[in-house]
Amino acid sequence: MKREQSLLQIIKERAAKISIRKRKKRNLLLLAISMFLANVSWGIAYPYLGVYMKALGGSLFLVGLLSVAFNLTSSIAQYPFGYLSDKTGRRKPFIAFGIFSSGIAYLFVIFATTPSALLGIRILQGVLSSSIFSRPYCLYYRAFGYGKGGFNIWVL
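In the working numbering, the protein residues as written are 1 to 156.
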């Protein structure tokens, strides 16, 4: 009787490990798909921002400043979002907030009537979307561990 109980316990533990592994793989796939779609949307919209800036009457300097302003503000704003993410121990809300706010910022681009308004929206987008940049990697490493990163990290 005792041996049967221990065998049942072993079978349950193995089944639980397989279930956890499948869930982690499914979550990784969903994370990879969502990040892929977000990156595709940014990649599709980005080339037209310079054209739109020129159409609004912006100079070549302002067209270049669109990229610089976004990268600079997102680089600076990553630190507060990273601190909050580490303090709360939650990553998913920051990823969702960043993707959602970036999409909303692209909607605000429609209402830009001056080059400075477009630049301001791009700066705002840099600040708000900076909550995304390193969080998927944190989720991955928390789920799969640091030693296995070389095999599956390319997915993200």
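Read the hints as simulated data drawn from the structure, not as lab findings. Only a predicted model underlies this, so the values are computations on that prediction, with no experimental measurement involved. It cannot be assumed that every hint is accurate.
[Claimed, not checked] With a Cα cut of at most 27 angstroms, we get these calculated DSSO-like pairs of lysine-lysine:
{"no.": "1", "residue 1": "Lys92", "residue 2": "Lys24"}
{"no.": "2", "residue 1": "Lys92", "residue 2": "Lys25"}
{"no.": "3", "residue 1": "Lys24", "residue 2": "Lys12"}
[Unchecked claim] Simulated DEER-style distance windows between Cβ atoms:
{"no.": "4", "residue 1": "Val68", "residue 2": "Leu29", "range": "33 to 39 angstroms"}
{"no.": "5", "residue 1": "Tyr79", "residue 2": "Val109", "range": "22 to 28 angstroms"}
{"no.": "6", "residue 1": "Leu72", "residue 2": "Pro93", "range": "43 to 49 angstroms"}
{"no.": "7", "residue 1": "Ser34", "residue 2": "Thr114", "range": "17 to 23 angstroms"}
{"no.": "8", "residue 1": "Lys87", "residue 2": "Gly50", "range": "18 to 24 angstroms"}
{"no.": "9", "residue 1": "Pro93", "residue 2": "Glu13", "range": "41 to 47 angstroms"}
{"no.": "10", "residue 1": "Ser6", "residue 2": "Thr88", "range": "37 to 43 angstroms"}
Built from N, CA and C at the ideal position, the CB exists for glycine as well.
Status of the hints after comparison with the structure:
no.: 1; hint: Lys92 to Lys24; verdict: holds (14 angstroms)
no.: 2; hint: Lys92 to Lys25; verdict: holds (16 angstroms)
no.: 3; hint: Lys24 to Lys12; verdict: holds (18 angstroms)
no.: 4; hint: Val68 to Leu29: 33 to 39 angstroms; verdict: holds (35 angstroms)
no.: 5; hint: Tyr79 to Val109: 22 to 28 angstroms; verdict: holds (26 angstroms)
no.: 6; hint: Leu72 to Pro93: 43 to 49 angstroms; verdict: violated (25 angstroms)
no.: 7; hint: Ser34 to Thr114: 17 to 23 angstroms; verdict: violated (33 angstroms)
no.: 8; hint: Lys87 to Gly50: 18 to 24 angstroms; verdict: violated (38 angstroms)
no.: 9; hint: Pro93 to Glu13: 41 to 47 angstroms; verdict: violated (32 angstroms)
no.: 10; hint: Ser6 to Thr88: 37 to 43 angstroms; verdict: holds (40 angstroms)
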